Amino acid sequence: QKEVEQNSGPLSVPEGAIASLNCTYSDRGSQSFFWYRQYSGKSPELIMFIYSNGDKEDGRFTAQLNKASQYVSLLIRDSQPSDSATYLCALEKNNDMRFGAGTRLTVKP
Amino acid sequence: DTGVSQNPRHKITKRGQNVTFRCDPISEHNRLYWYRQTLGQGPEFLTYFQNEAQLEKSRLLSDRFSAERPKGSFSTLEIQRTEQGDSAMYLCASENNEQFFGPGTRLTVL
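Those protein sequences? They're chains A and B, same order as listed.
Sequential numbering of the first sequence, starting at -1, is according to my numbering.
Sequential numbering of the second sequence, starting at 5, is according to my numbering.
Among the clues, some could well be false.
[Unchecked claim] Here are the simulated lysine-lysine pairs, DSS-like style, with alpha carbons at most 27 Å apart: (1) A:K106 x A:K0; (2) A:K40 x B:K61; (3) A:K0 x B:K61; (4) A:K91 x B:K61; (5) A:K40 x A:K0; (6) B:K15 x A:K40; (7) A:K106 x A:K91; (8) B:K75 x B:K18; (9) B:K61 x B:K18; (10) A:K0 x A:K65; (11) B:K75 x A:K91; (12) A:K91 x A:K54; (13) A:K40 x A:K106; (14) A:K91 x A:K65; (15) A:K54 x A:K0; (16) A:K40 x B:K18; (17) A:K91 x A:K40; (18) B:K75 x B:K15.
What the hints contain is simulated information worked out from the structure, not anything from laboratory work.
Keep in mind it's a predicted model, so treat the numbers as computed, not measured.
Sequences and hints are given; from them, build the entire structure.
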């Protein structure tokens, strides 16, 4: 089992819709969880991080963490074509970062 | 621009040659990470430094790879006797509480 699992997609949503990106992980000792956005040919950019169970909101983005189910998700409200990118889930344990392979999101105008 | 710089941005080399990449992190950040990313995959952790100390190395890092951060500021990653399988994007990230990635060095081994 991979340490961080993501559906590779592509996930396609219409402009204005909610995009839901999911990630599961295998190591229960993981401490912090991150969502990065990566445009084609560019390096990853941090969107947000979460370390407590529940929801964390930042603008149009909401991260959800459920440690019992080893599941973390990212919701993007009012999706825009500029949100089209690969979204990487990452976890950290003792300063060791592990990334998933990413989910490719396409927002169609 | 995150404030993390990497040089060169692109490197093309012949198999068997040695290459060295440089990363300049954000100045007040203590932690520096190196990752490798291939097409369709997320970044794979290679190694990280806390100041000048190299605290962890991935099992992916063969003995052809070496990294240094001599003064706790910039870091170098050297690959000796390059192989075609080393072709990838090499990313550096600088961290205080959050990781900020540099633009990467794209290595192509012919």
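Results of checking the hints against the structure:
Between the alpha carbons of K106 of chain A and K0 of chain A the distance comes to roughly 31 Å, so the proposed pair goes past 27 Å and is violated. As the CA atoms of K40 of chain A and K61 of chain B are separated by approximately 25 Å, the hinted pair is consistent with the 27 Å bound. Of the supplied pair hints, the one linking K0 of chain A and K61 of chain B holds, its CA atoms being roughly 19 Å apart against a limit of 27 Å. Only pairs whose Cα atoms come within 27 Å are accepted, and K91 of chain A paired with K61 of chain B is accepted, the gap being roughly 14 Å.
Taken as a hint, the K40 of chain A and K0 of chain A pair is honoured in the structure, with Cα atoms around 24 Å apart against an allowance of 27 Å. Restraint check: the Cα-Cα separation between K15 of chain B and K40 of chain A comes to about 16 Å, which is no more than 27 Å; the hinted pair holds. Between K106 of chain A and K91 of chain A the CA atoms are separated by roughly 36 Å; this puts the pair beyond 27 Å, and the hint is violated. At roughly 31 Å between alpha-carbon atoms, K75 of chain B and K18 of chain B are farther apart than 27 Å, so this suggested pair is violated.
Distance hint between K61 of chain B and K18 of chain B is fulfilled; the C-alpha atoms sit about 26 Å from each other, no more than 27 Å. Of the pairs offered as hints, the one joining K0 of chain A and K65 of chain A holds, with about 17 Å between alpha carbons and a cut-off of 27 Å not exceeded. Distance check on the hinted pair: K75 of chain B and K91 of chain A sit about 26 Å apart at the alpha-carbon level, within 27 Å; holds. Proposed proximity of K91 of chain A and K54 of chain A is supported: the alpha carbons are some 20 Å apart, at most 27 Å.
For the given pair, K40 of chain A sits about 21 Å from K106 of chain A by alpha-carbon distance, which is consistent with the 27 Å threshold. A hinted pair counts as satisfied when its Cα atoms are at most 27 Å apart, and K91 of chain A with K65 of chain A qualifies at roughly 14 Å. A distance of roughly 25 Å separates the Cα atoms of K54 of chain A and K0 of chain A; the hinted pair therefore holds under the 27 Å criterion. With a C-alpha separation of about 25 Å, the suggested pairing of K40 of chain A with K18 of chain B holds against the 27 Å cut-off.
Among the hinted pairs, K91 of chain A with K40 of chain A is consistent with the structure: their alpha-carbon atoms are about 25 Å apart, no more than 27 Å. Proximity of K75 of chain B to K15 of chain B is assessed by CA-CA distance (about 25 Å); at most 27 Å being required, the pair is judged to hold.
The structure fails hints 1, 7 and 8 (numbered hints given earlier, in ascending order).
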